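Here's the letter readout for the chains.
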Amino acid sequence: MVAFNDILINIIQGAIPLAIIFLFGCVGEILTEKSGNLNLGLPGVMCFGAVGGVLGCVLYMKTIYQLWPIDVSEPVITFVTVLSYICLLLFAIIFACVFGAISGLIFSFLTTTLKANQNITGLALTTFGGGFADFVVPLITPKEEEKALLAKAAKILKFSLPYDRTAVGIWGDSFLNQSILVVIGFAIAIVAFVIINKTRVGLSLRSVGENPATADAAGINTNAYRYGATLIGCAIAGLGGLFYVVKINGWENSATLQGFGWMVLALVIFAVWNPLIAIVGSLVFGALWVSPQSGISTNTAAGKDLLKITPYVVTVVVLVITSIVGKKSVLPPGSLGINYFREER
Amino acid sequence: MTEKKEKTPLFHVVKRSNIPLWQSILIRLGFVVGAVLVGMLVLLITRGINPFEALYEMFRGSFASPNRFFNFLKDGALLLIVGLALVPSFKMKFWNLGGNGQILMGALVTVMCMYYLGNILPAGYDWLIIICMFISAVLAGAIWALIPALFKAFFNTNESLFTLMMNYIAVGLVSAFITVVSSGGGSHFIDPDMICAHGRIPQLFGKEATLIVIASLIILAFMIYYLRFSKHGYELSVVGESENTARYVGINVKKVIIRTILLSGAICGIAGFLISGAITYSVTETSAANMGFTAIIAVWLAKFNPFITAATSFFVVFVTTGMGQVQLAFSDVLKNNASGDIVMGLIYFFIIGCEFFIEYKIIWNKKSKNPLENVISEPTEAPALEAPEPQAEAPAKEEK
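For the record, the sequence lines run as chains A and B.
For the first sequence, position 75 matches number 74 in numbering that gives the first Met the number 0, and the numbering has no gaps at all.
For the second sequence, position 302 matches number 301 in numbering that gives the first Met the number 0, and the numbering has no gaps at all.
Rather than coming from a laboratory, the hints here were simulated on the basis of the structure.
A hint or two may mislead.
Under 7 Å between C-beta atoms, here's a sample of chain B residues computed to sit facing chain A [to be verified]:
(1) F161
(2) A214
(3) F329
(4) S330
(5) V332
(6) N335
(7) D340
(8) I341
(9) M343
(10) Y347
(11) I351
(12) G352
(13) W363
In silico lysine-lysine, DSS-like type, Cα no more than 30 Å apart, as pairs [as the list claims (entries may be wrong)]:
(14) K253/B x K114/A
(15) K326/A x K14/B
(16) K114/A x K360/B
(17) K334/B x K230/B
(18) K151/A x K92/B
(19) K254/B x K327/A
(20) K327/A x K360/B
Small disclaimer: the values here were computed from a predicted structure and weren't measured.
Backbone N, C-alpha and C fix where the C-beta goes; we use that ideal spot for every residue, glycine too.
Bound conformation, chain A alone:
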């Protein structure tokens, strides 16, 4: 019999890394959707980000790591190792963001400039992104040697900030023993919330998403906002792909990550387009995702399968309730999924 405490700790430890993948994707997608772009290509965007992450990690391992190595099993904090660690962080994050943004650029160019249908473009980007990742990652890591390097980089990226392990106990440990990317994820969510809801730029962004014609009349450059929000959003979502690589210490194929990407699209609805609720939501979804594997016994064998679909059922319920309530603060952006062409009124 597994103790209840152990199950809970298992869930927390498994849920937080997943939650961060969801959270990066979700915050990025919220930012994108707030501008009125419904990017169904998010699974593809995250795959792009993963490719960037892999590339960044391998580049770091082949250059800087050779100069300033870090002992993976027994890390010592010295000036050189910290510097090396920061370099790895920068390499991984910048490459993941740039690759994510490139996919966002494809999406924006097709939908905003060429006025293509957003649903179709998104589906195409998902197909392309998955293929791109499965095609390019083996090119970057062709041999076992590179794969080992990548796994090492992933292990280094998993390091937590230093803390006193004996003082916090097993509960504190399960929360604190997380990569610095987790902290960055939470920080980005909070910053995104503040920017969207409390700043002038955020106000303009929301107005573009709600009613681009009105925003255009008010002198806001709608195209610039849609491009900007989508590019930044996809860059953030790309970090989700990076964290996936870190979590599984490498790359197998795009299927799982794409599954996460669709989950993120559900999460955006669940969070009613609010990055702060997304933090809670991502933890809940992460817990729901891992709980079938964490030792919870259900009455029937099929119970685990049904547990897996709870996030989607909950999302549907949220979607329905919000549309019935019809309050502006919980509804999708007014022009979500619709392109804006000035001459078409």
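Got chain A sorted already, so can you dock chain B onto it with the hints?
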């Protein structure tokens, strides 16, 4: 008074009034061929594969042997059925992304009928089981589509997100059913001989493809009639063009939405019925083979025209099987089937991008001293648009 310098933008974009169908098809065809060529180029640069050999293998994928050709017919006809299911809903601008889920539900209840009824009924009642399979598959697909449609009609719930979620719920239900049925050995798999021994749809002329092709032709004929000659078809296209117009002329928009989506889901259910009842005699989480999404693209390529959907569906299947064959032939350098996804993705991007040149025209602004003159002397006909360059470059860049 200082003269303000007015900057004329290089060009501006206006909507085209109309373009002949053959011309638009020609533009699209050009882009598709371009996309395939770019894909081949990618393979050449990154993996050193001879494009001509790759193209040859691509044709071999569907036409090398009679068996392959029948498989090609079968897959193409299945995709056509799903595409035809989506045509009315897309024509109504209802973004039914739930094709996968609707197919899967049809397949699921088909297998359930085979399993449970097959256990109850004595041998020799296969025809009864098949009738039950058909009816329940149609109902299951229709209901799976009806749920989002109801909420769309009454509360304006976002249908693309809703139908997307329904896909995953269907996957979960299938997964749960498989676990229940196969719980004995701890395996997660439906054995066709154990579970689906009864109620198999007989093959016509010894080929799976025959029945599927006939079914797709019947549905194609029905859909052409429905969209072009029936009042329903007219009403749904009015709703798609403008909901307000529809309301003003006295069309009951809610009724039209629900009716159309019921039809859409029902045909998806039939696709599921055919997959499970006539081909695999089984159901898995991936029974729908992502056709719900692929068909969207096929329908989009065909501009919601059922006739052209037939051509595009077979084309999509041709490319997919072709790329599978390319991967087999060059398996020493292509470790997985990702190149197929890349080529498909490129084709999608090219097609999506070329819509712009079909629907809009670019008017290059002539340089002139008087900015007002530009507006007056606007050319009435568009300059020849052979401008695939902008988006021809965009996807290609990512390859490097």
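inquiry  = Check the structure against each numbered hint from earlier and tell me which ones fail, lowest number first.
reply    = Result: hints 2, 3, 4, 5, 13, 15, 17, 18 and 20 break, sorted rising.
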